[in-house]
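Each chain, written out:
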Amino acid sequence: MGKLKFAIYWGAACGGCDVAVVDTHEKLLDIAAAADILFWPVALDFKYRDVEEMADKSIDVCLFSGAVRNSENEHIAKLLRQKSKVMVALGACAQLGGIPGLANEKRRQDILDFVYHGSPSTASQKGVYPQEITSVPEGKLKLPKFYDAVMTLDQVVEVDYYLPGCPPESARILEVVQAIVTGNLPPKGAVVGALDKALCDSCPRKREEKKVKVFYRPQEILFDPERCFLEQGLICLGPATRGGCSDPPRCIRSNMPCEGCYGPPPDVTDQGAKMLSAVSSIIDSQDPGQIEKIIDGIVDPLGTFYRFGLPASALRKKRFP
Amino acid sequence: MDNFEPKIIGFYCNWSSQMGIDSAGVEGASYPPNLRLIRVMCSGSVDPEVIIEAFKKGADGVVILGCHLGNCHYRNGNYNALRRYRLLQKTLEQFGLEKERLRLEWVSVAEGKRFAGLVGEITEELRRLGPLRQFS
Amino acid sequence: MDGKIGSVLVIGAGVAGIQASLDLAESGYHVNLVERRGNLMGAAANNCCKGVEECNRCMLCQVSEKAFQVITHPRITLFRHGEVVKVEGEPGHFSATIQRFPEMNERGCPICDKLPLYAVPLKSDPEEIQLDVAGVIMAIGFKLFDPSPLPEFGYGKYKDVVTAVEFERMIHERTGLFCSDGRIPRRIAFIQCVGSRDPKIGNPWCSAACCSFTLKEAIVAKEYVKDLEPTIFFMDQRPYGKDSERYLSRAKEQYGVKYIRSGVSKVEAAGDGKGLVVTYTSETGGVSTARFDMVGLSIGLECAVTAKKLSREFGIELNPYGFCWASPFSPLETSRQGFLVCGTFGGPNDMTESAMQASGAAADTLGILAKAKFDHVPQKSYPPERDTSGEAPKVGVFLCQCGDYIGKTVDVASLTQFASALPEVAYCDQRRYACSEEFRDEMKEAIKVHGLNRVVIGSCSFFTHGSLFQETLREAGLNPYLMEMVNLRDQCARVHSHDPEKATMKAKDLIRMEVAKARFLEPLYRLSKTMNPSALVVGGGITGMVSAISLAEKGFDVHLVEKTTQLGGHALRIQHTLEGGNVQAYLSDLIEKVKGFPKIHVHKNSELTAYQGRVGDYTSRVKTTSGEEREIKHGVTIIAAGGREYKPDEYLYGQDPRVMISVELEEEIDRRTERVAQSQTIAMIQCVGSRNEVRPYCSRLCCAKSVKNAISLKTLNPKMNVYILYRDMRTYGFRESYYQEAREKGVIFIRYDLDRMPEVKAVGDILRVTVHDIILGERMEIDADLLVLASAVLPPEDNHILSRILRVPLNEDGFFKEAYEKLSTVDFMQEGIFVAGMARSPISIVESIYQGKAAASRAMTLLSRESLLTDGIVSTVKESVCCGCKVCEALCPYGAIAVVPEENVAKVDELVCKGCGTCCGACPTGAAQLKGFKKEQMMAMVGAYLGA
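From first to last, the protein sequence lines are chains B, X and L.
Those letters in the first sequence? Residues 1 to 321, by the numbering used here.
Those letters in the second sequence? Residues 1 to 136, by the numbering used here.
Those letters in the third sequence? Residues 1 to 948, by the numbering used here.
Do not rely on the hints blindly, as some may be mistaken.
Taking lysine to aspartate or glutamate pairs in the EDC-like style, the calculated list, with each CA pair at most 16 angstroms apart, reads [stated by the list, open to error]:
#1 X/Lys90 - B/Glu105
#2 X/Lys99 - B/Asp247
#3 X/Lys90 - B/Asp296
#4 B/Lys211 - L/Glu889
#5 X/Lys57 - L/Asp509
#6 B/Lys206 - L/Glu902
Selected chain L positions facing chain X (in silico; Cβ < 8 angstroms) [as the list claims (entries may be wrong)]:
#7 Cys55
#8 Leu60
#9 Arg494
#10 Lys719
#11 Met829
#12 Ile873
#13 Ala890
#14 Leu891
#15 Lys914
#16 Cys916
#17 Thr918
#18 Ala922
#19 Leu946
These aren't lab readings, by the way, just hints derived from the structure by calculation.
Cβ atoms here follow ideal geometry from the backbone N, Cα and C, with glycine treated the same way.
Chain B extracted, bound-state conformation (with noise of 0.2 angstroms):
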């Protein structure tokens, strides 16, 4: 068998997916032993060109991070697509939007307002926004379009299988490639390098009784640091996220609790909504002022629930009047 060919690209992300593809440290050069890699705009240098002149399905596997946000990332995703055989999204921002995603919290103008304006450190004309096309002597110069919302990898194109995390951790995308390389492939659609069951099955923390009177965010308490956060009025997304990325979770071990990174467990579509019924569930009043009040000790309920999610969640976005 000859070696496999490897794509590797980044839509709206951080970088940090790459980060942790090179976090696989000298397995890396496992991963180069047994594939070439074609394209990789973080490390190596090559062109937008150099995709479109390979034959379609010319490349084994692609790992896609990042959200689509503009025109570039979606024309980039459809390009690798045609070329590839096999479509990964990695991380969460192509699975889910990621970060990124919760820019579907705001119109696109808003955003353009803060970024090119409204923010402290922007020292901009007034009036100055990016142009899609902006005339210069020397021609014509081009922007990507931004869009009106953060879409996921599979809303734009079809995608073989989901590896989550933000970033997913090194391990599994190490495992992930081998499986590859192995030809060891779940049902295309799989999410692969994580579990079925939620982060919870793999917490370490002990859990007594769910119920609360009153939610805190990290900075506002003490918290035991071996009882179950949610129980101690955390809001802590495990039970309602992918486990998986590592046993025993690492941002539990660290003393933070889950965000929600690695997506919702198989069986839940929308995992903000499944999160925030079981948060809403453990509220220990059957007052309804009280309830109210404890209610709203959930400081942004979207931001909270959808962290990860929100381009991948049932409404994907919010409705402007």
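Starting from the known structure of chain B, fit chains X and L onto it as the hints suggest.
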């Protein structure tokens, strides 16, 4: 917008609210035909995922109907509905859905007529709000 | 066969009649329930909640549910528009004659008496029906007092003077509050005790139910008209039921209900023609007037219209007030053996007491009945159930026109056409009556011929007809859970009769949605749980012993666990009841009886230390004070742990030997102690430790106790000065006449307020009690030889331990919290465990007796069976995705779901699960799903309406 007919989905519990809803019919009350009712065992069993799915698929409003507080057939399932509904409603507001689009109402066996009035009121309210903007 | 009959006659289908019938039917007996009217639920049918946020416990929902159970129960035969005219024979072998009225309409629904129930052809039943029954339960109810003959209230003269019951009905029917001229009232008065506590008109009793009823009216009225000012004119505030005191405080504080202690002398039209003027004499004697838009008369209860006639015909005695006479220590037994009484026929009562008496009467009847055989329903044999697991969904849709009720509005023909074309629908048909026997036969045929494996029925309510159609499926060899119903009548046609076109469109949507759900239906099975026919009774006081005897009489083993060295509990210190019954004689009789039953195993000096299992199969551990431990296996549990008295730390109690509590005085009276005999003045203070901030509940029995002691003292020494310092005299029901008697004997009653409490000082050889006399408006000093404190009833100290061991809740006051405060008062949410007596709230001995019987009756509805069947609709957990987060565990009201530590997954005990689905809504992984209502089914319905 005059001829806009809101699509409303209602989840009603098998006990007091079913008896109340049915008694609206028995007593010959009348209400607008915009509501489609789905029977569940308890208002506390309604899954927010299903409600969100309804909005995604184009429902203009969703109403959950249960026994009055303190009168749940299962003792306090309706409190569970209340807690969940409030957090869901707050979250939906962040999604840009007016809070009137999700309602939680208590209906007892004696409230057939009140239920009829309620459906009228909800329908009117949604008519006023107009159709829920769908994601495009 | 022991030659006895397994059938009972219950007369009257109000709350009491319904409860008695259900208990007996559930215990395996056949019940003939005779009701004069066309509808069930008696007086409760008028109740209504008024769309307020918090339920005000009118209980109509619960009563309606029970009424539905009655009409669909296979072991209850309902005779409406009928009357029992003759009962001959002996207990165990009566022959009853029922006469049915000519206007009998077999088809009208017994709940609403309006819409058809079953499409059975009208039969010309014989006018007279003969029934063989073993016993008779009289639950004929009461008559409301008619205020028309009392001119001072202006009832009948002014349209805005209504009775409280009319007021309730008005809100129900008009869903609002309006004066006769359509205005919304601002000020509304309620006048208490109209037709009660009034010896002049021959109604000296307190009607017991009206204080709470009016209170609810006031709160509800206030919910309707936010700026309403409700005022209640009253003599004593007597909402004496469990938790009523809190309700009363809420009425005053949260709703601003104004209470004026007074006597109302007249109600007249205002001079300017606007509204009504109420003239009243306040406590201090001043005459005032106040203007109102509306006046509600809180009318009392009187004996039922038919009481006299029935007493004559059946040979049962009435008491002097015209209500049924009952034996002092068997409060449900009438003067004729085999005839029992419950509910308001025995005396004015609220719904709680009526329902408890009903269960108690059922328990008393069981003794004269044959062994339960559950055989009064012809045993049907069903064809073997078809295995549909490998089949693709083939849905049959059956539509009903319900006479004209559906067909007039919904185009059933076009609906049929529409349904036939739906994917996976293999067959669709419609009839004028889907519930008719012919159509059900055709349905069965169609299921067989077309190989249908799912059925959707578009007709009426699942409540009334669900079991009928499930039965039809079974008869056709299909699992009964493969059926769904659409209520086309009440949820579509009847409410959209003005718009047939849209109604038909909606009907199509509803059918499409239900068909979409139906494809995911799966056969469900009712599990059978074994029943260990023995009971554990915790507490050997009167309540516990009465329960134990009732159970043992019916042949069940009972383990009676008593903490102390002897049986009898609190009652050991009580000499006689208010009515004069000899408590000690009764008690020793009871103890002898307990000893005489080999089936009752008494464990004295013992406490419950461990308890596990589920209904039908519990294992408990009982430990004696000497440390011996033994294991008991039992099927049900009754908590009768009793109460204890409050030892006051106020009024010099414990410091001065002349200060004692009521029960101590009673003992001294009994022993005729010198100091009691020689006392010239004895003062009593009521509500010591009750109805205050620490214990905001009424201890209920202390008023009667003090009246009883005062009468005894006056009988001993008519010259003795006896003072009772009280806040409200709560001598409810017939107890009122003893209050009257005490007054007539010269007992002086002085009222005090919470904000001016009496003070006590020892001055030389007397105790000086200082009290602000509200009537005279001045301080008054009583120099007493003895001071008696009517101290509160407290829950036992170890209630919280018991609550933890048994996993059943306590209320805020530390008493056990039952399933529903007014009905199901001896049941918990958890099946198989019951509570009676002081463990649930303070009550009198007579009340303990019927509560003990009620708990036994409820227990026997389970014990009588060889096994219990669960419902098929239960939660299930997909273990491959459950993460053991425990969210479900804390939520389940039944303790049916728990995370198993070794596997870290939640498991449902299907034998305990009641199928509410609360866990499923909460489950963050979607692992918990409610069978029959799974997410995929809900999603399918939503999708079928709104499109994919």
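How the hints compare with the structure:
no.	hint	verdict
1	X/Lys90 - B/Glu105	14 angstroms, holds
2	X/Lys99 - B/Asp247	41 angstroms, violated
3	X/Lys90 - B/Asp296	9 angstroms, holds
4	B/Lys211 - L/Glu889	10 angstroms, holds
5	X/Lys57 - L/Asp509	15 angstroms, holds
6	B/Lys206 - L/Glu902	13 angstroms, holds
7	Cys55	4 angstroms, holds
8	Leu60	5 angstroms, holds
9	Arg494	4 angstroms, holds
10	Lys719	53 angstroms, violated
11	Met829	5 angstroms, holds
12	Ile873	7 angstroms, holds
13	Ala890	11 angstroms, violated
14	Leu891	7 angstroms, holds
15	Lys914	7 angstroms, holds
16	Cys916	4 angstroms, holds
17	Thr918	4 angstroms, holds
18	Ala922	7 angstroms, holds
19	Leu946	4 angstroms, holds
In summary, the numbered hints that this structure violates are 2, 10, 13.
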